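Number of protein chains: 2
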Amino acid sequence: MDGIIQASLRGIDSHGIRLFPHYIQGFNKGRLNKNPKYHFKKTTSGTGIFDANHAPGHAAGIEAMSKAIELAENNGIAAISVCNSSHFGAAAYYGFKAAEKDMIGLSFTQATAHVLSYNGIQPFFGNNPICMVAPAEKEGPFCLDMATTITTFNKVEIYKESGKNLPNGWAVDNSGNETIDPKNVFSLLPIGGYKGFGLSMMVDILCALLSGSKYGPDTSPMFNNDMKEKRYLGHYFIAINIAAFVKPARFKKRMQEMIDRLRSEPKNDKNGHPVIVPGDPEKNYLEERIKFGIPVSKPFVNVLNQLFADYDLEDRI
Amino acid sequence: MDGIIQASLRGIDSHGIRLFPHYIQGFNKGRLNKNPKYHFKKTTSGTGIFDANHAPGHAAGIEAMSKAIELAENNGIAAISVCNSSHFGAAAYYGFKAAEKDMIGLSFTQATAHVLSYNGIQPFFGNNPICMVAPAEKEGPFCLDMATTITTFNKVEIYKESGKNLPNGWAVDNSGNETIDPKNVFSLLPIGGYKGFGLSMMVDILCALLSGSKYGPDTSPMFNNDMKEKRYLGHYFIAINIAAFVKPARFKKRMQEMIDRLRSEPKNDKNGHPVIVPGDPEKNYLEERIKFGIPVSKPFVNVLNQLFADYDLEDRI
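These protein sequences, in sequence, are chains U and X. If you use this note's numbering, the first sequence closes out at 349, no skipped numbers anywhere. If you use this note's numbering, the second sequence closes out at 349, no skipped numbers anywhere.
Just so you know, the hints here were simulated from the structure itself, not pulled from any lab data. Among the clues, some could well be false.
If several chains are the same, the list does not tell them apart, and a pair holds so long as it fits within one copy or across any two.
Taking lysine-lysine pairs in the DSS-like style, the calculated list, with each CA pair at most 30 Å apart, reads [claimed, not checked]:
{"id": "1", "residue 1": "Lys-299", "residue 2": "Lys-133"}
{"id": "2", "residue 1": "Lys-69", "residue 2": "Lys-302"}
{"id": "3", "residue 1": "Lys-61", "residue 2": "Lys-299"}
{"id": "4", "residue 1": "Lys-262", "residue 2": "Lys-187"}
{"id": "5", "residue 1": "Lys-284", "residue 2": "Lys-66"}
{"id": "6", "residue 1": "Lys-260", "residue 2": "Lys-315"}
{"id": "7", "residue 1": "Lys-66", "residue 2": "Lys-302"}
{"id": "8", "residue 1": "Lys-299", "residue 2": "Lys-215"}
{"id": "9", "residue 1": "Lys-302", "residue 2": "Lys-196"}
{"id": "10", "residue 1": "Lys-285", "residue 2": "Lys-61"}
{"id": "11", "residue 1": "Lys-246", "residue 2": "Lys-323"}
{"id": "12", "residue 1": "Lys-302", "residue 2": "Lys-187"}
{"id": "13", "residue 1": "Lys-69", "residue 2": "Lys-170"}
{"id": "14", "residue 1": "Lys-302", "residue 2": "Lys-74"}
{"id": "15", "residue 1": "Lys-246", "residue 2": "Lys-170"}
{"id": "16", "residue 1": "Lys-196", "residue 2": "Lys-279"}
{"id": "17", "residue 1": "Lys-66", "residue 2": "Lys-170"}
Here the structure is a predicted model, which means the values were calculated and not measured.
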């Protein structure tokens, strides 16, 4: 729940409260387990395996990252492999947990196969996110949370609805050839050709092969099924205890200095925007939405009110 | 030495024997230390800090990765932060060392600032590589070893020499605007806009901030100076012991299956090449060059023979 709301507050609407009805459906149809029994096994002083028992990925993920943080207290670095999980929302959520404890948090997950394979005509790997969060001295942490494609299917949908053509370089049709027609999109193009494709594979190795989960196109998709099917997703979490390498106060001071210097770099006048640090747009959203709330559309308010009624909850919005 | 030759055998000519004269100059002019005294301090059961004392990065790096492997034996995962190092060549070399021991190896290093900052007009971060190596059952390991830009300055040089224009999307001039004239290239464009830029920053956080090294544009450049200046580079190595998560034999079998499936994915007939896995081109080079040797130009043979003469070595090529 925290993770879903945090995503919306940070402006990551695709991974925020918009998905409440989706998760509720998951509980009702059987994909998600309302009463999961986690099974955690510490395998060495710095590692463990975590069976999420089909809990919502957010709940299981934050528990697994907490274990990583706990082990990294004494071991400097720790990693937890998660199996039998489901969609965990925005990867940043887990990294922030580590940053609170003066650690660097890395989080990875499998996702629905969408990324065009290098030289291929169809997707094999998912748009698997890579996320690192590191604390700074005077503001929220540095946060890089990125998928491995130029764009997302969400954005393609927006173009489809508006009847506009896509920019070049975003997507391909079912023959693997580039298309600017959003109705013909079959797979998404990875960043940097083989590089983005390779990053997706790297994440699937960590998330699927280390956890014994299905991989690539065998990964159960987030949508496109009846929500009964469990997803058996794998995640991978790493916590790096900064104190094992350098004094955390010094690290955070230098992290802040790096951020400040970047923002004061000369900007490209043609484009007019200042140089920004990964995570800056989300910091702006967070500041605004904590004050003014999360904007929701009228139809979505109705969806939420219906959900509240269904579950006999007092709150209305 | 091993690392340099391995790079050439794998077809990574930019990081191979071509650089022998560069490193020799480093020894002679003072950048590199012929008799380094490493200082290693184990800081927790899974981490350590390694002062390279200005040794060649290859020598210090492989020593540091060996420490990570040693600690990961019992801790499942381990990380070593390196300071006071220099150019370490191809990042893959260190990952292969981990894969030999049924571990996943990750290696990162700082590099000369070349990557255009997001919305900026000049580079701040280096083209910092991200590398992961993981063992497979029946062939050499999976190896992703990538920099964060679309192209490299080496390739720009080749276009400059041939008088050809660059493809779109590779590079910018000193106002931060895209250029196809190789003579005007000032910075390189990152893969996926803010994503490649963010990956460069992520690597600099691991390599510079955790090791207390200089970062971004303060990093001493590889070329452009008199070779007297020491580089004080930082690296970061992680070893993940597969056995802490899943049986290594099972992991390697599934890694092989993933590779085999990818290679048999339907190819794009328009382009004609089969789907390949990151590291495949290097595997082909390795097979060929182990049989037939490393091709060298006539002028480079003269350079090498001169070096052999200078150092009174028997071998000639």
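Hints versus structure:
When the C-alpha separation of Lys-299 and Lys-133 is checked against a cutoff of 30 Å, the pair qualifies neither within a copy, at 34 Å, nor between copies, at 47 Å. In this homomeric assembly, Lys-69 and Lys-302 never come within 30 Å of each other (Cα to Cα): the closest approach is 56 Å inside a single copy and 51 Å across copies. When the C-alpha separation of Lys-61 and Lys-299 is checked against a cutoff of 30 Å, the pair qualifies neither within a copy, at 51 Å, nor between copies, at 38 Å. When the C-alpha separation of Lys-262 and Lys-187 is checked against a cutoff of 30 Å, the pair qualifies only within one copy, where the shortest distance is 27 Å, while the shortest distance between copies is 47 Å.
In this assembly of identical chains, Lys-284 and Lys-66 lie within 30 Å of each other by CA distance neither inside one copy nor across copies; the values are 39 Å within and 35 Å between. In this homomeric assembly, Lys-260 and Lys-315 never come within 30 Å of each other (Cα to Cα): the closest approach is 36 Å inside a single copy and 43 Å across copies. For the homomeric pair Lys-66 and Lys-302, neither the shortest alpha-carbon distance inside one copy (53 Å) nor that between copies (49 Å) is at most 30 Å. Proximity of Lys-299 to Lys-215 under the C-alpha cut-off of 30 Å is restricted to the inter-copy arrangement: shortest distance 22 Å between copies versus 36 Å within a copy.
Both within a single protomer and between protomers do Lys-302 and Lys-196 lie at most 30 Å apart by alpha-carbon distance, with minima of 25 Å and 27 Å respectively. Within a single copy, Lys-285 and Lys-61 get their C-alpha atoms no closer than 49 Å, and across copies no closer than 35 Å, so neither meets the 30 Å cut-off. For the identical chains of this complex, Lys-246 and Lys-323 are neighbours neither inside a copy (42 Å) nor across copies (38 Å), given an alpha-carbon limit of 30 Å. For the identical chains of this complex, Lys-302 and Lys-187 are neighbours both inside a copy (25 Å) and across copies (27 Å), given an alpha-carbon limit of 30 Å.
Neither within a single protomer nor between protomers do Lys-69 and Lys-170 lie at most 30 Å apart by alpha-carbon distance, with minima of 39 Å and 38 Å respectively. Within a single copy, Lys-302 and Lys-74 get their C-alpha atoms no closer than 54 Å, and across copies no closer than 50 Å, so neither meets the 30 Å cut-off. For the identical chains of this complex, Lys-246 and Lys-170 are inter-copy neighbours only, at 21 Å across copies versus 42 Å inside a copy, given an alpha-carbon limit of 30 Å. In this assembly of identical chains, Lys-196 and Lys-279 lie within 30 Å of each other by CA distance neither inside one copy nor across copies; the values are 52 Å within and 50 Å between.
Taking identical chains as interchangeable, the C-alpha atoms of Lys-66 and Lys-170 are never at most 30 Å apart, the minima being 39 Å within one chain and 43 Å between chains.
In terms of the numbered hints stated before, the structure departs from hints 1, 2, 3, 5, 6, 7, 10, 11, 13, 14, 16, 17, listed from lowest to highest.
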